[in-house]
Structures are given as C-alpha cells and as structure tokens.
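Residue numbers (numbering that gives the first Met the number 0), protein chains in the order written: chain A, 0 to 116; chain B, 0 to 116; chain C, 0 to 96; chain D, 0 to 96; chain E, 0 to 118; chain F, 0 to 118.
No lab work stands behind these hints, which were simulated from the structure alone.
Note that CB positions come from ideal geometry on N, CA and C, so glycine has one too.
Some hints could be false.
[What the hints assert, rightly or not] With a cut-off of at most 20 Å between alpha-carbon atoms, the simulated EDC-like pairs for lysine to aspartate or glutamate come out as follows:
hint : chain 1 : residue 1 : chain 2 : residue 2
1    : B       : Lys24     : C       : Asp81
2    : A       : Lys106    : E       : Asp34
3    : F       : Lys49     : F       : Glu91
4    : D       : Lys15     : E       : Glu85
5    : D       : Lys15     : E       : Asp101
6    : C       : Lys53     : F       : Asp101
7    : C       : Lys15     : F       : Asp101
8    : B       : Lys51     : A       : Asp87
9    : B       : Lys106    : F       : Asp34
10   : E       : Lys49     : C       : Glu64
11   : F       : Lys49     : D       : Glu64
12   : A       : Lys24     : D       : Asp81
13   : F       : Lys59     : D       : Glu64
14   : A       : Lys1      : D       : Glu88
15   : B       : Lys24     : C       : Glu88
16   : B       : Lys51     : E       : Asp57
17   : A       : Lys51     : B       : Asp87
18   : B       : Lys24     : C       : Asp79
19   : F       : Lys49     : F       : Asp92
20   : B       : Lys1      : C       : Glu88
21   : E       : Lys49     : E       : Glu98
22   : D       : Lys60     : F       : Asp57
23   : F       : Lys49     : F       : Asp63
24   : A       : Lys1      : D       : Glu89
25   : D       : Lys15     : E       : Asp102
26   : C       : Lys15     : F       : Asp102
27   : A       : Lys24     : A       : Asp109
[To be verified] Covered stretches of chain E, going by a simulated chain C footprint (3 or more residues, C-beta under 8 Å):
hint : region
28   : 11 to 19
29   : 39 to 50
30   : 54 to 66
31   : 81 to 91
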Amino acid sequence: MKIGVLVLEGPYQHQAADSAYHFVKAALARGHEIVGIFLYTDGVNNANGYIKPPGERNIAERYSELASQGIDVIACTACARFRGFRRDMVVENVRLGGLGALADQLKAADRFVTFGD
Amino acid sequence: MKIGVLVLEGPYQHQAADSAYHFVKAALARGHEIVGIFLYTDGVNNANGYIKPPGERNIAERYSELASQGIDVIACTACARFRGFRRDMVVENVRLGGLGALADQLKAADRFVTFGD
Amino acid sequence: MLYTINKSPLMFGNLKSALRIAPEGEPVLLYEDGVYAAAHGAATEALVADALAKHPIFALKADLEARGITRLIDGIRVVDYDGFVALVEEHPVVPWL
Amino acid sequence: MLYTINKSPLMFGNLKSALRIAPEGEPVLLYEDGVYAAAHGAATEALVADALAKHPIFALKADLEARGITRLIDGIRVVDYDGFVALVEEHPVVPWL
Amino acid sequence: MENTVAVLMRKAPYGSVYTAEGLRSILGIGVFEIDVRVLFVDDGVYALVKNQDPSVLDMKSLGDAFPSLPEFGVSSFTVHAPSLAERGLSVEDLVIDAELVDDAGAAALLASAGTVLPF
Amino acid sequence: MENTVAVLMRKAPYGSVYTAEGLRSILGIGVFEIDVRVLFVDDGVYALVKNQDPSVLDMKSLGDAFPSLPEFGVSSFTVHAPSLAERGLSVEDLVIDAELVDDAGAAALLASAGTVLPF
Chain A
0 MKIGVLVLEG PYQHQAADSA YHFVKAALAR GHEIVGIFLY TDGVNNANGY
50 IKPPGERNIA ERYSELASQG IDVIACTACA RFRGFRRDMV VENVRLGGLG
100 ALADQLKAAD RFVTFGD
Chain B
0 MKIGVLVLEG PYQHQAADSA YHFVKAALAR GHEIVGIFLY TDGVNNANGY
50 IKPPGERNIA ERYSELASQG IDVIACTACA RFRGFRRDMV VENVRLGGLG
100 ALADQLKAAD RFVTFGD
Chain C
0 MLYTINKSPL MFGNLKSALR IAPEGEPVLL YEDGVYAAAH GAATEALVAD
50 ALAKHPIFAL KADLEARGIT RLIDGIRVVD YDGFVALVEE HPVVPWL
Chain D
0 MLYTINKSPL MFGNLKSALR IAPEGEPVLL YEDGVYAAAH GAATEALVAD
50 ALAKHPIFAL KADLEARGIT RLIDGIRVVD YDGFVALVEE HPVVPWL
Chain E
0 MENTVAVLMR KAPYGSVYTA EGLRSILGIG VFEIDVRVLF VDDGVYALVK
50 NQDPSVLDMK SLGDAFPSLP EFGVSSFTVH APSLAERGLS VEDLVIDAEL
100 VDDAGAAALL ASAGTVLPF
Chain F
0 MENTVAVLMR KAPYGSVYTA EGLRSILGIG VFEIDVRVLF VDDGVYALVK
50 NQDPSVLDMK SLGDAFPSLP EFGVSSFTVH APSLAERGLS VEDLVIDAEL
100 VDDAGAAALL ASAGTVLPF
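This is chain A alone, in the form it adopts within the complex:
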C-alpha cells in the first residue's frame, strides 16, 4: 500500500516525531511504500542537521536515514522561515518544499497518517 505521513511537532518536545518514525519503520517492514513524510509547523525542526543530543537518540539522523532509503522527506518552506530553519541547516537527504508537495503526497497515498500533539 502507499502510505503518506504528516508530522506536526518538533523533536523531543512531543512524542509525535518518534511515533511517526517507528510507524514508518514498521510500515516499510511490512512491505509498504511510503509516498512521503511531510514535516509541517514545528515538525520542520526534525530535519535540523545540527541536532546533537548528548547520549540520546538523534531524531534528525533518523529522518535523514529514512530519506536515504528513498523516502521523500519534505520540510515545509514557509514554516521553516517562521522558525529560523535555513536551507543550509537541513539534514542530508531531506529537502524543503511547499504545500504542493503535501498535496501530491495526499493524492498519491492510499492511507494518510498524521502524528502531532
């Protein structure tokens, strides 16, 4: 099945980014195609390549890892501007994109799951 995922919260403050990651891993393990992960509102901060959590899971690396497997992980451009998240800070394999990218994921997906607060 084709599954789309939306993340509305940033790293560490809420569990949403963790839950979405574990869900995506399980979906891949079951043979599904992830048509995209859209990082929206504070969710864009999950793609911050400067995240350096001492002794804890690195959430940005996890999204980068998913993106490296061919999943289109997109952080909302406008939200990024509001949050001081610049293009040069985006973790490897993730890109910025507009709501048109979210629309594409919504259209391509058989199932769409949102993680937030």
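Keeping the supplied structure of chain A fixed, place chains B, C, D, E and F upon it in accordance with the hints.
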C-alpha cells in the same frame, strides 16, 4: 519588584512566547525590574536570529529588543543542543546558559512567572 | 497565590483541576485559550459560576478580544496586561499549565 | 475508519470526544499518552468499558511498556507497531489529536 | 483515489498555531485539485466565531479568512452541532454559513472523504 | 528570599518532554542552594509509577531517576492523593516513598514555597 520569567514553548506554535513578551512589556511599564527571561525546552527557539516571518511579528526580534534594554535573556544550552540551535544562530543580545542561570533568576526574583503549554 | 489557566475548559481538565486545589479566596486568572471559560453560555458556565462564589476570577482582555468573546459570565473581571502584572505584584503565581 | 487517540483521558477530552463521534464497530487505537485509557482502575475505566461494547479498542505495546501500564482493562487488545500498520491497512485513519 | 480530503479542525484559535495552519493548508492543497471539505468539531468551532480581533496581540484575524475561502474553490464547511451547542453558540454567531451535522453526520463526512488532515 | 521552589509536575511522561525536563531542572537548580520540593498532581503522578520501560522507544526510564534524587540533596516528594486515587494507583505502585496530601495540603505546599516551577 523583581520578576523572573520562564518560557517553555517555541515561536508561533504556541502563544506562550507572545504572552511572555506582552507580560514583560507591561511589567517594565509598571516600573518593575525583570531579573531574567529563561528560554527553556522548545523556548530556546524564540532566540533564533534567522527567524524571518513574512508579514508577521518577529518573535526573535522581540526577545532581542528586550535583551537590548538590559534584560538578561538566556536560552538553555542543553535544550539548544537537542534542537540544533547553534551559538552562531542566537539573535543579538541573547546568550546561552545553563540551569545555574535559571537558579540565579529564581533566587533573585520576588515573583516568578512561567509561560508554556 | 494567583492560579493562572491558559487552556480551554471544554477539552482540557486544567480549570477543573486548579479549582479543586486553589483555596477559597485565591484569585484565578484566565488567559490565552483559558478565556473561553469566561464565555457566557458554555457548558462549563455552572462550574465557573460556582467558582465565582469562592474566588475572584479575572480574564485577560487581549485574549478575550482576539477570540471574539463578548458576552461574559456575570462576575468575571476583565484585566489588561497591566492588570495581569498588578495581580502578580499582589500574589505569587501558580501556572496551571 | 481507525480513530487514533494520543492523549491521557483524565486531563484531555479527546477520548470522550472521539467516542461520541466514532460509529459503532469502528476501531479505536490508543497510543502515546492515550494508552493511559487502557489502564485498569482509572476513573475513566467505566467510559472505556462502555466503549468496548461498541468498538474494538487497541493499545500500542511500546507505549504501554514505556509507561509501566501492566494491568489492562479486560478486552483491550495489545498491538505492536506492526499491528498498528496492519490496522492502517484495513482502515483509513482519523487522528483525534 | 478520489482526491477528497477532510480537514478536521478541533482546536481553538490563537492559543496555538493549528487553526492558522489548518486554514493555510486548506488554501494550499485546495489549489492542487483536491476537493477539500472542512469539518469543525470541539474547540474547532471557535475558529468561526464573529468579532475576532487579535490585533492587540499583533496577530491576524482567522475569522476574517474563512468567508473568502469559496473564492479559492473551497466551499464545503460543516459544523458539528453538539460542539456548537456546548459552547452556547448558534449559526448566527458564525462568520460563514455552515452545514450542521450530528455525531453520525460528522463521522459520515470523515468516512466519505477517506483522508483526514487534523488540526 | 527563602530560596525555596516548588516544582509542580502535572503532565504524563514520554508523550512530551515536560516530565524529563522537570526532572532535569530539579537536579539542575537543586545543586545551586535552592530547596526544591516536588509536588505531583494530575497526570504528573504517572512519572512515579513502577516498571516504566521506554527502551523500545529508545528513551530512558524516568521512573528510575527519581529514587536517586536524594543523593543530590532533593528529598521532598509529595503526591496529591486524589490524583493518585483517580488513576487507580496507591503508594505501593510508586518508585519512591512520597508524602500524600489532599487538596488543601497541595495548596499549602505551593504557598509555602512561594515560587512555583510548573512542568
């Protein structure tokens, strides 16, 4: 009176950073001394100097403006590391600091007010 | 102590929980989404009316205006940010986030 | 439709609100702090027991274990992330955030 | 795929960004050949209340934005009537003409869209 | 100033960062000559439940951390008894020996500290 302020949420996602700003402005107008504003957990993101909200209030500029008036505005060092918020991104007049700085503000304040979610 | 509430009373237990603990006579400030508790006609009106018999209850003007709340429960006192600070001068704050 | 709940039932109205709208027979998944609704002995147990007569209710294993919830209300079905995905295969999702 | 999306608005405006981003997403995806149906439940109905004026907070009124959505091709607005009644509100208090539904009607709208975007 | 701070823990662990940061702030300010008293109310009591194991989520157990706080000079733990009872829990279910208080006792603790740090 000496008043300390803690902010637990980042810019735009929640109203906390706005409420804290308006509260501090009103406290200054009534002649109070703000012993410090401590930006904790996602609150550190309010001091991101790269915030560029098209056509909206700039929350980072507001905290920079308060700091330029002599208020010690401090963003939590450890929280910043978890959120990919680097020293070179900190808006003018704001600095990073540890929980010792929060302890100092708690000790110095006659009143302490927390804004969060 | 000034108990401050910033959550809507219909979806969050914050107001009810704070009112259970705040001793009689202690002031309560509604701000941010907490000001919906000051609105006339909501299902939480009885809870707030009961609380008004025990506590002075204030609601922040800027947050009421933002949300278009024009009809308030009788007895709610409207304060601006200056009044918020005045309350903090008189009382240490218990933020019931 | 799979109604998903990630908020604790004692401080948030999310579970109650979702149960009001979810038609009989539709599955409900408790995850994140939503799994506290699956705990035996909480004040919301009657609400959940009533709901179990109308809905299959699932709780996410990882979130139960994280929170030390060991005694579950009879009838709650525990699923891991693989089971979460299996539910999503069968039903479009209504995230009741 | 039918390309129909239900945007589910359940949160109060201004206290958090969700209402504003829900609104922006309605516009943002609505222009990309998606049939957007907006459902207001719980505190989400507060987004539609008249006389919102957040100018003193230096924010823009969300209430002003909804009546202009039909110009952008989005004109399906549905309000969960019990949520409205619990808040002491009626359709006269709202900035748009919305269709009222009961619990079953809300569930049916979500099921018919198939894809739900929650704010 | 008496340098007494009440840390008010009202939120559930793991779903959000507040419990973890409340814990870190207890340690972080406790070493700076502040008398920290920790009060658990509402979902905050869940922070103290035994057998927490978030390893499958790659998180650290918060329940394991509280018993070690006395080593760092923080030993005032108070639980709001009605919050515990509503959750079907008793003191035997908790990782530390905490003092139980009723509504008035919780209010008195907050008032005696004068400064409240909420998580």
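Going through the hints against the structure:
1. Lys24/B to Asp81/C: Holds: Lys24/B and Asp81/C sit about 9 Å apart, inside 20 Å.
2. Lys106/A to Asp34/E: holds, 11 Å
3. Lys49/F to Glu91/F: Since the Cα atoms of Lys49/F and Glu91/F sit roughly 9 Å apart, the hinted pair holds (cutoff 20 Å).
4. Lys15/D to Glu85/E: holds, 14 Å
5. Lys15/D to Asp101/E: Given pair Lys15/D, Asp101/E holds - Cα atoms ~15 Å apart, limit 20 Å.
6. Lys53/C to Asp101/F: At roughly 18 Å apart (the allowed maximum being 20 Å), Asp101/F and Lys53/C satisfy the hint.
7. Lys15/C to Asp101/F: holds, 15 Å
8. Lys51/B to Asp87/A: holds, 15 Å
9. Lys106/B to Asp34/F: Distance of about 11 Å is within 20 Å: holds.
10. Lys49/E to Glu64/C: holds, 11 Å
11. Lys49/F to Glu64/D: holds, 11 Å
12. Lys24/A to Asp81/D: holds, 9 Å
13. Lys59/F to Glu64/D: holds, 12 Å
14. Lys1/A to Glu88/D: holds, 10 Å
15. Lys24/B to Glu88/C: Distance of about 15 Å is within 20 Å: holds.
16. Lys51/B to Asp57/E: holds, 16 Å
17. Lys51/A to Asp87/B: holds, 15 Å
18. Lys24/B to Asp79/C: holds, 12 Å
19. Lys49/F to Asp92/F: The hint holds at about 6 Å.
20. Lys1/B to Glu88/C: Holds, because 10 Å separates the two Cα atoms, which is no more than 20 Å.
21. Lys49/E to Glu98/E: Measuring from Cα to Cα gives roughly 17 Å; hence the hint holds.
22. Lys60/D to Asp57/F: Distance ~14 Å between Lys60/D and Asp57/F Cα, so the pair holds.
23. Lys49/F to Asp63/F: With a Cα-Cα distance of about 8 Å, the restraint between Lys49/F and Asp63/F holds, given a limit of 20 Å.
24. Lys1/A to Glu89/D: Holds, at roughly 13 Å.
25. Lys15/D to Asp102/E: It holds: about 12 Å lies between the C-alpha atoms, which stays within 20 Å.
26. Lys15/C to Asp102/F: holds, 12 Å
27. Lys24/A to Asp109/A: Distance of about 17 Å is within 20 Å: holds.
28. 11 to 19: Since three or more residues must qualify, the claim that chain C covers the region 11 to 19 of chain E holds, with 5 doing so at under 8 Å.
29. 39 to 50: holds (count 6)
30. 54 to 66: holds (count 4)
31. 81 to 91: holds (count 4)
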